[in-house]
Structures are given as C-alpha cells and as structure tokens.
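As given, the protein sequences belong to chains A and B, one line each in that order.
Using this note's numbering, the first residue of the first sequence is number 1, and each one after it goes up by one.
Using this note's numbering, the first residue of the second sequence is number 1001, and each one after it goes up by one.
In case anyone wonders, no lab produced these hints; they're calculated from the structure.
Being a predicted model, the structure only gives us computed values, none of them experimental.
Just to be clear, a hint being listed does not mean it is correct.
[Said to hold, decoys possible] To spell it out: a stretch of chain A is covered by chain B in this simulated footprint if at least three of its residues, at any positions, have a beta carbon under 8 angstroms from a beta carbon of chain B; those stretches are:
hint, region
1, 103-117
2, 314-325
3, 336-350
[As the list claims (entries may be wrong)] Derived BS3-like pairs (lysine-lysine); straight-line CA-CA distance at most 30 angstroms:
hint, chain 1, residue 1, chain 2, residue 2
4, A, Lys224, B, Lys1409
5, A, Lys93, B, Lys1030
6, B, Lys1069, A, Lys9
7, B, Lys1152, A, Lys428
8, A, Lys224, B, Lys1339
9, B, Lys1264, B, Lys1150
10, B, Lys1150, A, Lys224
11, A, Lys74, B, Lys1069
12, A, Lys5, B, Lys1069
13, B, Lys1069, A, Lys58
14, B, Lys1069, A, Lys52
Positions of the beta carbon are idealized from the N, C-alpha and C atoms, including for glycine.
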Amino acid sequence: MALNKEVYKEFEDVVGEENISDDPAIMPAYFGTGFAAIVMPANTAEVQALVKLCNKHKLQFRPICTGWTGAFNKDIIVFDLKRMNRIIEINEKNMYAVVEPYVISAELQAELMKRGLTCNMKGAGSNCSVMLRGHGALDQTTSGDDRNHLAIEWVTPTGEILRSGSLGSSDEWFCGDGPGPSLRAILATNVPPGITPGIFTKAAMKLYHWSGPTEFPVVGHSPKYTLSEIPENMMARYYSFPSVEKMWEAEIRIGENELAFALYGVCLSMIAANMTTRNEDEAKVFKQLSDEAQGPGFFVVLTGDSAADFAYKKKALEKICKDADGESMKTLEDPEVEGILLCQCVRTSGSIRETFRAGGAFNSIPIMGQRDVNIKWVVGAGEAKKPLIKKGLIVDDGGGFFGWGVEHGHLGKTEIFCRFDPRNAEAKEAVEKWQKEQSDRAFNENYFVMSMGEIDEKTGERMCHYNEWWNKVVNIVDPNNLASNTGPLV
Amino acid sequence: MALEDYRGDMGMCCRCSACKFVPMQKVKGKAFSYICPSVSRYNFHAYSGGGRLNIGAAALDGGLEYTDKLLDIVYNCQLCGACGVSCNYAMDMEVLEPITEFRIRCNEDGKTNAALDKVVAGLRKTGAMIPAKGKRGDWATGLKLKDATKEKVDVLFHVGCLTSYDKNTQKLAKATVKILQKAGVNFGIAGDAETCCGGRAYQMGYKEDFLSQARKNMDMIKKSGIKTVVTACADGYQAFKVLYDKYNLKGDLEVLHITEYIDKLIKDGKLKLRKKVDIPVTYHDPCHLGRLGEPWIHWEGKKVPGDRFVFDPPKEYRRGTKGVYEPPRDVLKSIPGIKLTEMTRIKEYAWCCGAGGGVNVSNPGFARWTAQERIEEAVSTGAEAIVTACPWCEKNFNEAIKASDSGLKVYDIVELVEKAI
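Throw the hints in and build the complete structure from the sequences for me.
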C-alpha cells in the first residue's frame, strides 16, 4: 500500500527528502516488499513526530537497526535508525555510556577499552546495536540480558516520550529503576528494537572494569588476523572434560571463585569456525579438534589486574579444571590460535563465522535459566540433531551446544542451534521440526518454557499468564495497535 | 560470469551489516568505523553491499523494475570493494562481483547514466577517459623517450589517460620518467599509440568498451614483444593485472605498479634516495592497488549438494588479502626525513578516495564528500600531507581540499621519490 502524496509529504517534512523512500528498489534490503515507506529519523524529536503521524494515519510501524533477523508486515512504515548512531556520553566515574540505537558494540567497546572499561557484548555479534538485549561471552563479568540497561528514553507507540529510571525525575542516566518510573518489566522485553512496542531512542548502558590492553595488537590481513603478542596478564584456554557433569563442576567453581573474565562455553564446531577462514577448513579443523578433545568443554579467558592477580587466577583455574579431570587442548595453546580466539571472544567478532558462514542460516533455541538443569536438556537436544547430521541436512557439529553462567553464578544462558542451507526445503523443514520437538520436550519435561516471540495459552499457564498481562499492557500503551509485533530483532 | 551465476552468493547475505563497517576486530572507536562510502552517505540499507545483493536477488526473482531510485543506488557506488573485504572476514561468498554484474546488466538494458555515457562516448572517439586535447604523447615532448612500439625495451611505462592529458597531473609522468632514468631502466612509452586501459569503463558498467580497450592494448603489447608493463595509475594496474586476466587476455605479461617497481629498484641497489624530504605524511591505499589489486583467481565449479555453501573444486575467494600494501610503504620509509603515520582505515580496509566507479563524473558532490571524509582522517594523524599512488585519488583529494579550508597537501608517491633522488 503506497502512501498518498499528501501523507508522504507529511512524513517527508519531518525527515527531509533524502531520508524517506517508498520506492520498491529500497525494500528488498528490509526483508520484504510492499512497505508503505522507509523513514530514517535523525533524533528523538523526529522519531516522535513520525510516530505521531503513524497514529494520525493509522499506519503500523516497526524499527530496525543493523538487523540480521526480523519479520516485517506489509504496509508498515519501517524506521531505519541508521542515522541515530551517536555515543552521547561515556561517564567513566559512574560507569555508564549513553548511546543511540545504531551505535554498534564494536564501536563502544573500542572507545571503552581506551578508558579501561568494557561493556557487555552480545553473542549476536559486535556488529549489532549496543542497546540490544541478549547474552554474550563476557556474561560472567558483565552480566547479560536486560541487566545492563539503565535509564532508557522511549518513544511510546502513541508518540509520547517516556524517560525511565533516574531520567524520569532528573537528567541523570545512572539508574534504570528510579527515582523515576522503572517500567523495567515493560521496557526490557527485548530492547531494542525488540518486541516492546514503540521505539527506544537512547539508553544508558552499564560499564565494567577492563584490565586488558587499550586495543588488541591485531596484525595481518583479513580474514587471517592474528595478535602480534598475547597482552600482558591475559590468557585463553579451551578445557575439555570427560563428561558434561564434570564440565559443569568446573564451570560453577570458576564462577564461584570469580576467576574468569570470560567463560565462553562453546562447542568445538564453533571454535573451529572462529579459527578458520573458510568453510572447507572449518570442517577439517572441527574433525581434528573432536579427535583431540575428551568431551564437552569451554573456552576461558583470564585477565589479571597485576602479575600477582593473574598468577593466582591461572593457578586456581588449572587446579579447578584438574580436579574435574579437565584437559587444556594443546592446539589452542599455540599462541597464534590462542591470541586470535582470545581477541575474537572478547570483541565478539566471530559470531557470523559461527552461525551464518556454513550454510547461510541457523535456527536456534536459546534459554536463560538454571545452568545445570538446562545442560541436561541440551544434551538431549544435541543428540536429536544427530539424525539430521547423518542425513546431511544440517552442518555436522557433533550435536554441539553452548552456554555459560551469568555473573559468575548458577543462572546462565544455554543455547543450541542447527546450521543449514535455507534454500534446501527438506533441511528447513527438518530443522523447524527439531526446534519444535525440543522446545516441546523442554516444556513437557519441565525444563523451561520458550519465552521468545508470541506466547500461547499453554505456555502462558506456566508463566502466571504472563501473556495475558503483557497483552493488557500492550493494549494500553498501543491503543491503535500500530507498533506491529512480529518478534524480536537483532 | 553473469548476475545469474551469483544467485547463491546473493542468497547467502545474512544482512548482518558487517559490510558497512571495517572488519570488527579493526574497529578502533566511533570515529572512522564505517567502510562503505555509499551507505555512510545515503544511509538506506539498500546502499550497502548487503543491500545491493538483496536488490540483485530480488531482480533475478523478477520482483524489481528499473526506477530512478534503483539507478541512483546502482550508480552511487564507487565499487571500491570494501564491503566485500568486511563481509569476507566471516563469510564465504562473492560480494563485489555480483554488484559489478548488476551494474553491467543495467548498462546492457540501456539503463545508463548520462554523465557516464558522455565519458564513454569520448573514450570511443579518443581512447581516453577524460577530454583529450592535443596528442596523448605530448607530455613527453623533448624528453627523448624510447618508443616501446618500435624499439626494444625491458619495460613499457603505461602512462594512463589522466596523467597523459591532464596538465596538473602530467608532472607524475615526468617524475616517473626521472626515477626510471635515474635507475638506468631500459624503458619506453607507447606515446600516441597508447590507449586507455579500459578499467574505468568497466567500473562504470561498459563491459564491451573495456574489452575493446583491453584487446587493443594487448595487441599492441604482443606486437611489440613487451614482457613487462609498469603503470603509475592504480586503475591501470588493476585493469592490466586483474581484469585482463579475468577475461583471459593477459597471457604471461608481467604487470607492476610503479611503487612495486621502485621498491624493487631500491632493494636491488639500483636507486638511491639520498635527499631529505622533511614532511610528516600519511599513506592512502588506492582501492585498485590495494584490495582490488589482488590477483584474479580462475575458478570454475559447482556447489556441492548438502548443508554447507562449498564447491567442487573448492573455491578460493579474493578477500583483499593479497593486495599491494607493503611496497608503497617501504618506498616511503626509504625516503630520508619522511615520517609516516598510519590512518585508522588502511590496507584491505582502507576508505575509498571517492573517485571510483565513475562517481567523480556521475556525482562529483558524493565523490568530494567521500574524499573529505578521508582528508579528515588524514588530518587526524597529524600529517601535513596525504600520499597516494594513483592520479585519480590525487585529483579527487585536491578537488575536495579546494572546496574546503583544509591545508593538507596531496602527493603522489613518485613526487616524493623524485624529490629524494
């Protein structure tokens, strides 16, 4: 549905001629065709004005940032937030940074490292918005999900500007829960752009201490970057264990002793993807690593604030892993391999290699919850992948999975995915079936309930009818039903 | 290869936006983190490398008709290849090739750009990509250079269109001559018999005109028995070395850029740089010497059925790894007094000067905007001059500086070497 000229002109008057288009040529780049228009606001005031126009003309809208996933309805106004890409403030003293949605994690982290700080890095990749909700390899020390969002500026679906937390009662960004309105349960559903209706235009993100270098000494040429040296008081290792139980035993002790800067509990196929620069090599390296490993494991990064601190952590790590019969994989002790994996992990720059490179697509089941419980489930989900691997429908990762504790604790993220060629209909169908079966198994065997996307009645019952409450909230904040909810975006 | 041959590659785009930025490990802060001039200037995702692949895929599926906006997207791209480098850090897929093929398809369908048409009309008439006044070899009058088409020489110095005809750029040809003479190289030029390499016509989408120029050049080279060509123009270098090879026209011709050749002369002890050139500089990697100067890799194969995007035989991608990066830097470091400070975006992830893909003609404002971004980056290093190795870069930088209040100087590397001998 094209906008009529008068309506188009109203939108154009807000953003300027250069920053709006309803030309069909623009649209394939936004996952579809037939959008009413794509608009690119430059600031909160423009977002507000555009949202009010959407309300005036009853047009659905949805925002997008860098965006490697998303579903978009026809006839909507797509807000491409590319022009909202400023780092507003880095407050070193109070350890937060205020950003607009199109600041990517790689940009902010690089600025922070110069100041001895870092932010949480989402596993979706450092090419994604800093404001994205999610988990990543640094969760041990930087937490994850919505825990890093402090005050948020939100243009509601009706075009009001709402400032949460401390920003609601002052011009300070330091707190997400007051003294102004918290609204964390609403704002943190998936920020942004996520399934919370409306558009998040700024957020303060929590910062953390970083004892590593101001920048990694990356040398060489793409795609084979290496570190010229391992930075002082830093180390990375991959420990494999005889069983998943032993792996968990070591993981939780490392957490309880607050040893690891990063505990990146990835399977060997993901390590192989990070190590290699092309698909063919990845398959070979995965095989080599699988032969070398004694079982499941994790990649761990240590950083020390001093030589003594580092020496203590190293000794403690080795002791804990030894107690759990863990063995450090020799291939990854090679300084060239260690260096690049360390850098990839901290900077979260290998996500696309891990996910899309092999076949072009992946379907995932991500969970946040009790690690030892979810690990038991995920082993089964991995076994269920094996028939698909045998048929050649998905990439052989040995039934691998990944996860880690958050904030050094028992709660954590666990995830498993299948990588496949989306043009292969049989593979796509098989992967979707696997995904459904394993989610249902989690539900029926009381491991967890999937809370991403639309929540059905059956699931809602297990979640105190969360879905009904959520729908009531949405109906209040979005009375015209314009902020179309088509699932989370990355 | 036609656009259809890249259907699988275009389908691999996961829309991660990596193509907009320098490779993630090389992001050093908020400043200078972007790599693609087009999406940086025009912002819509459609102007990014990935967006262009999405458009190409949609066009193949019959879902797109030519519109002014579509052509605006197509021609507002320098085809600098930076998107491909950033993508190919992680992904195994062609990026620049399908984008180039889409432009060629537009051209074949008659959807050309009027400004570019005019340039190519001039090429067909005069053999040059810029308005040709006088004869091509006039710049060499009085220099008593050998005619490589008639006399036996070890090296043909292919001068290029801009350096031959542009009064402000001819100094580069003369500096090159002085350097080669000083080193005692047995070289010659083709003079009036020289014709355009065709590389810029190819970038503009005029594939047949490129092939015509390539054949003319190679006929002349074969008839003259020339074994080695040295160019002082990055576009010429890439055309002779990469594009001619891509279309099986290069044979065993050795192609060297002047920076590679000077570097060799210095390392062989044939050229001594003694005079001090006391200036802090930064070096700009021309796209066609750097990431796009990587040798062509001949490959033919089929996708292996199954889960992975792999081929039989395995496909080796050109990811910008093997461009010419060190020789120009080594030459600069050989000049006494020069202090070289690197910019943030260098080598395979260098920011384009803005002149590529015919953008300097089709949209001079965008070309200057792109150059201005680079000038700001150069200034941020504390350098007093930006040094490049391509006359098109030098011209575009100078025009951007003229339109601004920057005091930055622009040199081609041969000018500094000339000062040092």
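Hints and how they fare:
A count of 8 residues in the region 103-117 of chain A with a Cβ less than 8 angstroms from any Cβ of chain B is obtained; the coverage claim is therefore met, three being the minimum. Coverage of the region 314-325 of chain A by chain B is violated in this model, with 0 residues showing a Cβ closer than 8 angstroms to a Cβ of that chain against a need of three. Against chain B, the region 336-350 of chain A contributes 6 residues with a C-beta closer than 8 angstroms to a partner C-beta. That satisfies the three-residue criterion, and the hint holds. A threshold of 30 angstroms between alpha carbons decides the hint, and for lysine 224 of chain A with lysine 1409 of chain B the separation of about 34 angstroms lies outside it, so the pair is violated.
Among the hinted pairs, lysine 93 of chain A with lysine 1030 of chain B is consistent with the structure: their alpha-carbon atoms are about 20 angstroms apart, no more than 30 angstroms. About 17 angstroms separates the Cα atoms of lysine 1069 of chain B and lysine 9 of chain A, which keeps this hinted pair within 30 angstroms; it holds. About 64 angstroms separates the Cα atoms of lysine 1152 of chain B and lysine 428 of chain A, which puts this hinted pair outside 30 angstroms; it is violated. At most 30 angstroms may separate the alpha-carbon atoms for a hinted pair to count; lysine 224 of chain A and lysine 1339 of chain B meet this at roughly 28 angstroms.
Restraint check for lysine 1264 of chain B and lysine 1150 of chain B: satisfied, since their Cα atoms lie roughly 26 angstroms apart, inside the 30 angstroms limit. For the proposed pair lysine 1150 of chain B and lysine 224 of chain A, the alpha carbon gap of about 46 angstroms is over 30 angstroms, so the pair is violated. For the hint linking lysine 74 of chain A to lysine 1069 of chain B, the alpha-carbon distance of about 20 angstroms falls within 30 angstroms, and the restraint holds. Of the pairs offered as hints, the one joining lysine 5 of chain A and lysine 1069 of chain B holds, with about 17 angstroms between alpha carbons and a cut-off of 30 angstroms not exceeded.
Simply put, lysine 1069 of chain B and lysine 58 of chain A have alpha-carbon atoms about 27 angstroms apart, close enough for the 30 angstroms limit, and the pair holds. Pair hint lysine 1069 of chain B plus lysine 52 of chain A holds up; C-alpha atoms about 27 angstroms apart against a cutoff of 30 angstroms.
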